[in-house]
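Starting from the given sequences, assemble the full structure and let the hints guide the process.
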Amino acid sequence: GYRVSLQGNFFGRNHTYITFPEYNPCKHIKLDPPLNIQSNITASKCHIQWSVPWHLAEILQYELQYKEYGMPWETALNKTPSSSLPEIEIEATELHNGITYIARVRCKVSENEDSYHSQWSEWSQTTVFQRADVPKVSEKILNTRTIPFLFIPLCFGTLLYLLWNCKLSSRYCCFLTSGQKASPVLTFLHQLLSSSPSITCTMGILR
1 GYRVSLQGNF FGRNHTYITF PEYNPCKHIK LDPPLNIQSN ITASKCHIQW
51 SVPWHLAEIL QYELQYKEYG MPWETALNKT PSSSLPEIEI EATELHNGIT
101 YIARVRCKVS ENEDSYHSQW SEWSQTTVFQ RADVPKVSEK ILNTRTIPFL
151 FIPLCFGTLL YLLWNCKLSS RYCCFLTSGQ KASPVLTFLH QLLSSSPSIT
201 CTMGILR
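Residues 1 to 207 (full-length UniProt numbering) are what the sequence shown spells out, left to right.
Worth flagging that the hints you see were computed from the coordinates, not collected in a lab. The reader is advised that the hints may include incorrect statements.
Said to hold, decoys possible - Straight-line alpha carbon distances no greater than 20 Å define the calculated SDA-like cross-link-like pairs of lysine to any residue that follow:
| hint | residue 1 | residue 2 |
| --- | --- | --- |
| 1 | Lys108 | Gln49 |
| 2 | Lys67 | Gly98 |
| 3 | Lys45 | Ile102 |
| 4 | Lys79 | Glu22 |
Listed below in structure tokens is the structure:
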């Protein structure tokens, strides 16, 4: 360690004052603020990251502040990362739709570090972000929850369609058997059914 003293001439006399009898620079550190703070937001969370000197990354701890844009910093919320990694996540549930937010971060030597001690750095530059819009209901209509509700009426409608075609085909056969001339509509339907093996097969099963 070092001894820090203050010397001066007071009232015509030289005096020496011992300010720190044993000064250890490693215990009195003030770091530069983190750099390159960036935010990346999705529908579920906002990921914020920054950079610090690589040789200090493992011994630092951080504090993040974020608030609504335009509001004073006294209203900001604080978050502390759970690890020494220079990043943090804010859940989308903590943010409001349509509101722009601004965040900043500061650092200091971790309290778990015995060899060094520091005070908080100044706050970093800021990053601005806004919660991503949640997809509308119309965009989710074919998701896994709604497909079962659509599948049942669709199958029922298909079954009615096949039964109807089966009746038309049966009437057409009756007309041919009795020697009556079939209408153009029935002739067209018969040709359509004959050209579709899947429908013919289904009708055969239904009969």
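Given pair status - Glu22, Lys79, alpha carbons within 20 Å: Roughly 36 Å separates the two Cα atoms, so the pair is violated.
Does Gln49 lie within 20 Å of Lys108 when you go C-alpha to C-alpha? Within the cut-off at roughly 16 Å; holds.
Next pair to validate is Lys45 with Ile102; report whether the Cα-Cα distance is within 20 Å. 15 Å, holds
Assess, step by step, whether the Cα of Lys67 is no farther than 20 Å from the Cα of Gly98, and give holds or violated. With Cα atoms ~14 Å apart, Lys67 and Gly98 stay inside 20 Å; holds.
In this structure, only the earlier hint numbered 4 is contradicted, and the remaining ones agree with it.
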